[in-house]
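J.: So the chains spell out like this:
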Amino acid sequence: MSPLTALKTAYTSLTGAKLRTSLTILGIVIGITSVIGLMSVGRGAKADITKRIEGIGTNLLFISPQQANQGVARGVGDAAALTLDDARALADPEVAPDVLAVTAQVNTFAQLIAGANNMRAQVLGVTPGFADIRNYVVQEGEFITAQNQQSQAMVAVIGATVAQTLFPDDDPLGQRIRINNRQFTVTGVLQAKGGAAFGSQDSTVVVPLSTALSRLQNARSVRGSPRVDVITIQAVSSDAMDAAKMQATAVLEQEHRITTGVSDFQITSQQDLLDATSQIANVFTIVLGAIAGISLLVGGIGIMNIMLVSVVERTREIGIRKALGAQRRDVLVQFLVEAMLLSLTGGILGVALGYAAARGLSKLQVSGQNLTTVVSPDIIILAVSVSIAIGLFFGIFPASRAARLDPIECLRHE
Amino acid sequence: MSSEIVIRLTDITKVYKTGAGEVHALAGVSFAVERGEMVALMGPSGSGKSTLMNVLGCLDRPTSGEYLLEGQDVGRMRDAELARIRSNRIGFVFQSFNLLSRMNALDNVALPLLYSGNGHDGRARAEKALSEVGLAHRASHRPNQLSGGEQQRVAVARSLVNNPSFILADEPTGNLDTRTSEEIMHLFRSLQDRGITVVVVTHERDIAEWCGRTIMLRDGKLVGEDRHPQKVFAHEPSDRA
Chain C
0 MSPLTALKTA
10 YTSLTGAKLR
20 TSLTILGIVI
30 GITSVIGLMS
40 VGRGAKADIT
50 KRIEGIGTNL
60 LFISPQQANQ
70 GVARGVGDAA
80 ALTLDDARAL
90 ADPEVAPDVL
100 AVTAQVNTFA
110 QLIAGANNMR
120 AQVLGVTPGF
130 ADIRNYVVQE
140 GEFITAQNQQ
150 SQAMVAVIGA
160 TVAQTLFPDD
170 DPLGQRIRIN
180 NRQFTVTGVL
190 QAKGGAAFGS
200 QDSTVVVPLS
210 TALSRLQNAR
220 SVRGSPRVDV
230 ITIQAVSSDA
240 MDAAKMQATA
250 VLEQEHRITT
260 GVSDFQITSQ
270 QDLLDATSQI
280 ANVFTIVLGA
290 IAGISLLVGG
300 IGIMNIMLVS
310 VVERTREIGI
320 RKALGAQRRD
330 VLVQFLVEAM
340 LLSLTGGILG
350 VALGYAAARG
360 LSKLQVSGQN
370 LTTVVSPDII
380 ILAVSVSIAI
390 GLFFGIFPAS
400 RAARLDPIEC
410 LRHE
Chain P
0 MSSEIVIRLT
10 DITKVYKTGA
20 GEVHALAGVS
30 FAVERGEMVA
40 LMGPSGSGKS
50 TLMNVLGCLD
60 RPTSGEYLLE
70 GQDVGRMRDA
80 ELARIRSNRI
90 GFVFQSFNLL
100 SRMNALDNVA
110 LPLLYSGNGH
120 DGRARAEKAL
130 SEVGLAHRAS
140 HRPNQLSGGE
150 QQRVAVARSL
160 VNNPSFILAD
170 EPTGNLDTRT
180 SEEIMHLFRS
190 LQDRGITVVV
200 VTHERDIAEW
210 CGRTIMLRDG
220 KLVGEDRHPQ
230 KVFAHEPSDR
240 A
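Each protein sequence line maps, in turn, to chains C and P.
Using numbering that gives the first Met the number 0, the first residue of the first sequence is number 0, and each one after it goes up by one.
Using numbering that gives the first Met the number 0, the first residue of the second sequence is number 0, and each one after it goes up by one.
FYI, nobody ran anything at the bench for these hints, they're computed from the structure.
Glycine included, each C-beta is placed from N, C-alpha and C at the ideal position.
Any given hint could be a false lead.
Residues on chain C that point at chain P, a partial pick, calculated with CB under 7 Å [as the list claims (entries may be wrong)]: (1) 2; (2) 6; (3) 314; (4) 324; (5) 406; (6) 407; (7) 408.
Each pair of labels, with its calculated beta carbon distance range [said to hold, decoys possible]: (8) 72(P) to 328(C): 45 to 51 Å; (9) 127(P) to 16(C): 31 to 37 Å; (10) 2(C) to 101(P): 47 to 53 Å; (11) 2(C) to 67(P): 34 to 40 Å; (12) 3(C) to 225(P): 31 to 37 Å; (13) 396(C) to 231(P): 53 to 59 Å; (14) 67(P) to 3(C): 36 to 42 Å.
Please build the complete structure, drawing on both the sequences and the hints.
T.: See the structure below:
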């Protein structure tokens, strides 16, 4: 029997029982729809996170202090620390040629007051190069200048959310703002970026690092240089990330006089962040897909059930076909093609519906912004092949049962 | 008529093992059918008639004995080979027509072509077979739109479509009234006139009279063989539409 004939035969018998056929297909449609819909949410979350991490900047390495719990204790009160000197040392092109730019920052939370409005927000003390390295775009006014940094100026650049909260009606530029009860002048407003991950810059206030160190906190390391919380390095290119990391490690180990091999700092690349979050997002996607897969399994069992009933109902037909010369293989193929046609039709409809579901889900607001959903071709290919596989898997048992029937018994069957 | 042997059965037995012991459905049956013959196989229920028909139709294998179909030993063949023999050499006509209800007359006639490998000119073959039984004008009708006699004609066309060695008709008139029965038997006679071998299994003497020879079966044995003049159509052919 030619494949086309088999398909035609299957089509004829499936359209012979329309209601039953559509209900069986519906099971697969629901399964594939939920697989595609839920996996699109997982993939969307991954895409979202990736976009945000990439939005932080390009070719970045983040250096943060790490308590050395093991190894030689170096005296009481000598907590691990990064200092402004470390940042200066890293900026030396002689020792770290693959480092393009360096910026140091201190992080603190502070109470902000402007007139009758107040809020708590993250306050970053940064060096002027911070804006370029971290993709902070100023909408109005200007970013922290070298002059500000030099003079420990009491100036602040505020995020879009901060601007909206503290100055709902006025232009914030030039306005006074109290940070931990010290008076600052707003000299810039950052462009809104959206997103809540990684301490959204929208609800951040940026001040000069020197000001932050002297006015907002006062911590010096045992080596006398002011402490900073994070040093961010930008490598000259994405290929130079590893080299830059090695150079930075060497510089810091020398600065910190580390000889034991146990460092008191940690260097995390953007890629490390991406890898870690992608892994979480992938697990998330797989879990969602597996949950949806259960409904697909139920749909598959539905196909098997209907095919078994169909074999019993059509015992006489099987007998006639066999008497007229059908081989076992012909009968097997006939029923298998029917099962696969059911599941494939369900799969294709499910893909269409799943795509629509993903579009619908992306209209949903989650914590103030639209849910990101991504339907990638690989999910569609996966869904269609899974549906074919389901037809095969759940069709083979009924089909082989039909193929093995004895024609004499079948012809006696009423 | 030539004396070429189409079917030769030699000492065929069929033993079924049941809970109560062995049942000898066929206990040594031998006969031969020549090409172009129309033979009736008669016997009361329990005579082994159905078993013999299953063996003749290659739906079942004899326990012992030899079955030569056009000189080829088909008694020991595997299932797949038997299916091929059924497909190419045997045309089945059943008591209850056994047409597939979802297909129209033409598709029913063409059905055996799916399995015989003769499908390349399938439509033309099926149309030819259908016009041979006088139902070309009913090609697109489904079985439930046809009368019993018409359905059986479609079944006869279906049995012809692969040019079989012989047609095996199992009680072909069992579900038909007398007049329609005669029309169907007349149709078989006309096929015989064209040189087609026909074996009719029946328990009605009236029907057997249409054949040139009657083989009597009782308790799994051949109990008589009778050559007689063949009955001819008593009526004018009825309006087939």
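J.: Hints first: check each against the structure and report whether it holds.
T.: The hints, checked one at a time:
Because the beta carbon of residue 2(C) sits about 12 Å from the nearest beta carbon in chain P, more than 7 Å, this interface hint is broken. Given hint, residue 6(C) at the interface with chain P, is violated; its Cβ is 13 Å from that chain's nearest Cβ, farther than 7 Å. Restraint check, residue 314(C) versus chain P: the minimum CB separation of about 12 Å is more than 7 Å; hint violated. Satisfaction of the interface hint for residue 324(C) is found here, the shortest Cβ-Cβ separation to chain P being roughly 2 Å, below the 7 Å cut-off.
The closest approach between the C-beta of residue 406(C) and any C-beta of chain P is roughly 5 Å, which is under the 7 Å cut-off, so the hint is satisfied. Hint status for residue 407(C) relative to chain P: holds, with the closest Cβ pair at about 5 Å, below 7 Å. A hinted interface residue such as residue 408(C) counts as satisfied when its beta carbon comes closer than 7 Å to some beta carbon of chain P; here the least separation is about 10 Å, so the hint is violated. Checking the proposed 45 to 51 Å range against residue 72(P) and residue 328(C) shows it is violated: the Cβ atoms sit about 24 Å from each other.
Hint check: residue 127(P) to residue 16(C), Cβ distance near 33 Å, so the stated range 31 to 37 Å holds. Between residue 2(C) and residue 101(P) the Cβ separation comes to about 20 Å, which falls outside the hinted range of 47 to 53 Å. Residue 2(C) and residue 67(P) have their C-beta atoms about 37 Å apart, which keeps the hinted 34 to 40 Å range intact. For residue 3(C) and residue 225(P), the hinted distance range of 31 to 37 Å is not satisfied, since their beta carbons lie about 50 Å from each other.
About 55 Å separates the C-beta atoms of residue 396(C) and residue 231(P), a value consistent with the hinted range of 53 to 59 Å. The hinted window of 36 to 42 Å between residue 67(P) and residue 3(C) holds, with their beta carbons roughly 38 Å apart.
Going down the numbered hints, you'll see the structure goes against 1, 2, 3, 7, 8, 10, 12, while the others check out.
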